[in-house]
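Since the structure of chain A is already known, use the hints to place chains B and C on it.
Chains as they are written, first to last, in the numbering used here: chain A, 1 to 642; chain B, 1 to 470; chain C, 1 to 220.
Everything labelled a hint here was simulated from the structure, so no lab data went into it. Since the structure is predicted, the reported quantities are computational estimates derived from the model, not experimental observations. Yeah, the Cβ is synthetic: ideal placement off N, Cα and C, and Gly gets one too. Any given hint might turn out to be false.
To be verified - Derived, one-sided and incomplete: chain C residues facing chain A with beta-carbon distance under 10 Å: (1) M1; (2) V4; (3) K89; (4) Y90; (5) V93; (6) G94; (7) V97; (8) G98; (9) L101; (10) F107; (11) A108; (12) D143.
Below, each chain spelled out in residue letters.
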Amino acid sequence: MIYAIAVFAPLAGSLIAGLFGRAIGDRAAQAVTITCMVLASLCGITAFAQLVWGGAPTGTVLLGTWVDVDRFHLAWALRYDTLSAVMVAMVTTIATLIHIYSVGYMSHDKSIARFFSYLSLFSFAMLMLVTADNLVQLFFGWEGVGLASYLLIGFWYDRPSACAAAMKAFIVNRIGDLGFALGIALLFWTVGSVEFSDIFPAIAAHQGEFYNLLGSNFPVMDVIGVLLFIGAMGKSAQIGLHVWLPDAMEGPTPVSALIHAATMVTAGVFLMARMSPLLEYAPGALAFVGFIGATTALFAATIGCVQNDIKRVIAYSTCSQLGYMFIAAGAGAYQASIFHLFTHAFFKALLFLGAGSVIHAMSDEQDIRRMGGIWRKIPITYTVFWIGSLALAGIIPFAGYYSKDAILEAAFASGTGIGMYGYVCGVAAAFLTAFYSWRLIILTFHGAPRADHHTMEHVHESPLVMTGPLMALALGAICTGFVFHGQFIGAGWHEFWRASIFNGPNNHVLADMEEIPSLAALLPSIVGIAGIATAYVMYVLKPSLPGALAERFGPVYRLLLNKWYVDELYGAVFVQPYRRLARQLWQVGDAIIIDGVPNGLASMTTEGSGRVARLQSGSLAMYAFAMLIGLVVLAALFLLVR
Amino acid sequence: MNWALALPEIVLALCGMAILLLGVLRRGDTTALCGWAVLAAFVLAAALVATGADGHAYHDMFIVDAFARFAKLLILTGAALACLLAMDWNRREGIARFEFPVLALFATVGMMLMVSASSFMSLYLGLELQSLSLYVMAAFARDDVRSSEAGLKYFVLGALASGLLLYGISLVYGFSGGLDFAGVAQAVASPELASPGFIVGVMFVVVGLAFKISAVPFHMWAPDVYQGAPTPVTAFFGTAPKVAAMALLLRVLGVPFVHVPWIPVVMLMSIGSMLLGSFGAIAQTNIKRLMAYSSIGHVGYALIGLAAGTVDGVRGVLIYLVTYVFMNIGSFAVIAAMRRRGRAVENIVDLAGLGRTDPGLALALAVFMFSMAGIPPLAGFFGKLYVFLAAVQRGQWTLAVIGVLTSVIGAVYYLRVIKVMYFDAPGEPFEARATATSVLVFGCALFTALFFLFPSAIVASADAAARSLF
Amino acid sequence: MIAVIAFYVFAAILIGSAVMVVTSRNPVHSVLFLILGFFNAAGLFLLAGAEFLALILVIVYVGAVAVLFLFVVMMLDIDFTELREGFQKYAPVGLAVGALLFGELLFALGAWDFAPAAGGLRQTPMPDYGTNTAMLGHVIYTDYVLLFQVSGLVLLVAMIGAIVLTLRPRVDSRRQNIEAQISRTPAQTLSMVNAPLGAGVRAAEYHRREPAARVGEEDV
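Here chain A stands alone, though its shape is the one from the complex (with noise of 0.2 Å):
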C-alpha cells in the first residue's frame, strides 16, 4: 500500500496541476505536487526500510488485470524486491529535492504549473519503470519518462534550438527503443511470457538455442541481451546513441538534473541489473555491455575536457559515469553498477544544481570562459560544488569513492580481456574526470572575472528554497559512500539483495574484487589526485599552457571541441542522405503519385459526398421509399443467396 502510494502520488500530483493549474493558480499547483513528491518520497524510504531492516518479505502489489487475450496476459503490478526499492527511494527523494529547488529556479518562469505537471509526470513514469513486474510495463514506463523528457527539453518551446534538442532526444531514443523492442517480442516468442516471474527461471533452459542467420549460429540469449542494450544504450545515451544527451541541456537545469543525471538515464542501467538472469547466460551481451560502457566512460570523458559549456561539460561527465556502471555491468558486478547510480544520482544532481544556481547568480550565463572570480559571492553554492566534484572525481571519503573503486576493481577482478579494457579505459577516464572538474571549478569560480561589470553587480546566492536541496544533496554525496557500501557490495550484500540481481553460479566477482592486488585498488585514487594536481597546474600555475597545448596539438584539440564530429558524422550519413531522400519523395512520390491519388479520391470523395447529401432531400415520402426498396433489395438478395 505504501509502496503504491509512492507510485501513484506523483502521478495524482501530475495530474491536478496539469488539468487545473490554471484554475488553482502557481502557487498551489506547487504546493500540490510539492506535497505529494514528498508523500512519495516518505513512503518511497519507508518501503525501502522495511526491506532492508524491517524484514519486510519482497513481492507484488497486484493493482489490477491489464489485457488478457489468450495465451497473452498482463497485470498491473508493482514489484517489491530490493533493487525496485532502491530505486524508488532514491527517484522519490532526488524528484522531491528537485522540486523544491524547482520553486526558485523556476520563479521568474510564465508557465510553472505546467513544469510541476511535467516533472510529477515523469517521476511517476520513471517509478512505473522501476517498479514494472513485466517487460510490457516496464516499457510503459521507459516511454512515459521518454515522453516527459521530450516535454521536458522542449520546455522553452519558443526557442527553437530547444524544439531541435527534444526532436532529437526522441528520435535518437526511438532507436534504441526499436532494439528494446524488438528485445521484448523475441524474449516472448522464446519465453512465452513477458512477465519476470515466468522469463526468469525459464531462461536456463532455452540457454542453447541459437538463431541461424545466414550461415552463422547466434546464441538467442546473447541477441536478446543485445537487444535490450540497445534500448539502454538510447536511453543511457552511450557511445553511438549519446548525441542527444548533450543537446538536452536546452531544457531547464532541475530537468537536467533530475532526468538526465540522476533518473532518466539511468534506467538503462536499471535495465542491465534488471535484466540480470538472463544477461548472467549471455556472456556475448555482457562483453558488448562492457566494450560499449568502457569505450563511452573514455570518449565522453575526453570531450568534457574541452567544453566551455557548464552544463555540457557535466553532461559529457554523465555519460562517462553512466559508462562506469556499464562496465561494472559487463563485469557482472551488478551490484556495483546500482551502487554507483544510486551515488552518483546524489552528486551528479549536486553538481547540476550547483551549475544551476551559478547560471542563476551569472544572469543566465553558461559560458565557463565569461565566468570566474565568484566564489566569495556564492559561498554555499561554491562548497557543493567542491562536495560534488569530490565525489565525482573518486576522492576519498566522498561517495564516488566507493562506487567509483568498487566498479573498477570489479572490472579488474572479472579477469577477461574485456575487464581489463574495462580497467584501463576507466583509469584513464578517472584521470580526465578529476581533470576536467578542476578545470571547471577553476574556470568557473577562481581567477579573475572575466565577465562584464554589469553581470557581476548582479552575481548573488541563490535564495534558501535553492540551497536547501543543494546542502541536501551534498550531505547525499558525502554519505551515501560510506554509509551503504557494506550493504550495496560488501560482505552483507547477500541479505541486501536477496535475489533481486541474479549472479550465475560462476560468477564470484564481488568476492574476486576485495582481493586484487593493492596497486591496482589504489590506481584510480592515483590518477585522480593527479588530475586535480594537472588542472591546477594549467589552470593556476601556468594559465598560458592550454593555449599552448591546444595551438600545439591543433587536430586534437579540434576533433574534441568537435566532439569527434559525431554529429557531423551523423548529420552527413543519416540525416542528409534522408533529407535527400525525403525531398525525392516528396517532390515525385508524395507531390505526384501520393497526392495524386488522394486528391483524386478526395474530389472523388466529396462528389460522392455531396450524392448522398442531395439524397438526403427531407421529404418523408422519399424516405420511406428508400426504405421500402432497401427492403426489396435486401428480401431479394436474401432468397436468392438461400
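Below, chains B and C alone, put in the same frame as chain A:
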C-alpha cells in the same frame, strides 16, 4: 413463475409513475427534483440489474442472462448520462419540464424489456414503449419547428418500420408456429427447414430492427432527426436506444434465426453503413448532422462484429458499444456546451479557435474525435480492433478492408473538426457551462483516453455476455 | 362452404376498401371506407372464431377511433389537394416498389411450406372455458401479465406524450376566482360618474385603471 427476475424493470416503472405523480401534484417547479429522482431510479435499477439472478420468467417471454445484464447496464449508463446532460440544457432552452426525465425513464424501461425479450411479443411491446417515448422526446422542443418536424418524421418512419416488423413477426409465426425465440429456433433447426416465407418474415423483422439502429438503407431518418431534436435527446438517441436495438438484433439473429443464412444481408448493411457514414459526413457543416452520419458509420463497424457471427464478433460489438456510448455522450456534451449569447450554436465553424478560447473543452473534443477515428490508444481504437479481429478470424477480409478504408476516410472529417478548433481564428468564446456538463465532458474524455489502462474488466464481462448468447 | 364464401367476400371487400382509403379524393370518404374495412376485418375475426376481438374491433375502432377521425377531418381545415400533390409524383415509384415487393411475397408464399414442427407449436393448448372472453380473461392476467402491463405502460406514455406536445397553459383564458369575487366591495369596483352633456365618460376610464388611487376621491 419467478416474477422477481423483472424486478429492475418493475421498480423502474413504478419509480417512473411515482415521479410522474410527484411532478403533477406538487406545486411549483419540480423539473430539477424529478430529474434527480429519475437519476436515482436509474442507479437503483442498475444496482438491481447487477445483483439480479439469471433465468426465464413470464411464460418464457422474459430472459435474464449475462448478455441482458451487460446491455441493461450500458443502457442505464447511457440514459443516465443523457438525462444529466438534459437538465441544464432544457433549463437554458426554456423547455424544462418534468415530463422529460419521465419519458426518458419509460423509454429506458422499454429498452430493458427489449434486451430481455425472449419472445416476439415482448420484443414488440418493449420496442413500442421505447419508440413512443422517443417520438415525443424528439419533438420535445415543440415550439421549434425543426424539433417538431424531427418528431413527426421519426414517428411516421418509425410507424412504417413497426408495421414491417409486425408483418415480419406474423410471417415468422405463421411459418414456424412459435413466438418464443427458443421455439422458433427449434422449429427451424437447420437452413433447409427455413422456407421462403419464413425467410421473408426474417427479412421484415431485420428491417424493422435495422431501422432502429439506423443502418443503411434504413438510416434516412437519422440526419434529420439528429439535427432537429434537442441536443441531449440526440445524445440519448445515439446511445441507449442504439445499444438496445443492437442488442436485440444480436439476440434475434443469434437465437431464433440462428439457422437462417443472414450473414450476407448483415454484411451488405454493414458495408453500406460504413461507406455512407464516412462519405455522407464530409460535406456536412452542422456538427449534429455530422454526428448523425458518424453514428451511421459506427453502426456499420459494429455490424462487422455481428456479421462474423461468432462469440468474438459479439464480444467485439459489445465492446464497441461501450466505447461508443462514452465517446458519443462526451461529444454531445461538448456540443451542448456550444452556446453564445443565450443561444445554442451548432455549426462546425463555430468551434473555430476553441483550442485557444477554451483549451480544456477543445482537448476533450479532440480526444473524442481521435477516438471515433480509431486512433490508438484511445477507446475507439479498441472497439474497432475487436470487431476487425473477429472479422479477420472468420476470414471476412472484405469487411475488414472496407472498414479500415472507411476509417481513413472518416478520419478526414474528424480531423477537420480538430483543425477548425486549433488552427482557425478564434471566434467569440462560449458561455460558461454548467458543472454537470463539464463533469460529463471530462469524465467521458478520461474514460476514452484511459480505457487502454483497464480494458480487461470490460472485455471479460463482454466475453461472458457474448458467451451466454451461444 | 358458406364460411369459405364469407371469407372471400369479407377479404375482397377489405382489400377494396383499403385501396379506396388511400385513393379516394374526399377525406371524409376515406374515413368511411376505413370504417367499412374495420367491419370486414371484424367479419374475418368472427370466421376465425375470435368473437371477442371482432366485437372489440367494432366497438373501439369503429365506434371510437374512426369516428374521432371523422370529426378531426371535418373540423380541421386541411387542404387535402395540397397534401395529395406528392402522391402523383411518387405514385409510379411507389407502384413499382409495391409490385416488386408483392412479387417477392408471392414467390415466398407460393412455395407454401411450413416448418415441420410448426403445426404442433401453433396448437397453443386452449382450455375450454366456454366463451372467448373467459379464455382471454383467464390468460391475460397470468401467462401474459407482462405483456398486459407493458401495454399499459405504452398507453401511459402515449397519454403523457399527447399532453406534453399539446397542452399549453393558456395565459389569456379567464378563470373564476370565487374568493376574489366574494371579498370585493362595491367601493372597489364601482364608480359613479357624472357625465356632463356632450363630454362623455372618458375621464372616468382613466380612474378605472387605477382603482386604488380613486378611493376617497371626489367625483368630478
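Structure-based check of all given hints:
no. : hint : verdict
1   : M1   : violated (36 Å)
2   : V4   : violated (31 Å)
3   : K89  : holds (8 Å)
4   : Y90  : holds (5 Å)
5   : V93  : holds (6 Å)
6   : G94  : holds (7 Å)
7   : V97  : holds (5 Å)
8   : G98  : holds (8 Å)
9   : L101 : holds (5 Å)
10  : F107 : holds (7 Å)
11  : A108 : holds (7 Å)
12  : D143 : violated (33 Å)
Against the hints set out earlier in the document, violations occur for numbers 1, 2 and 12.
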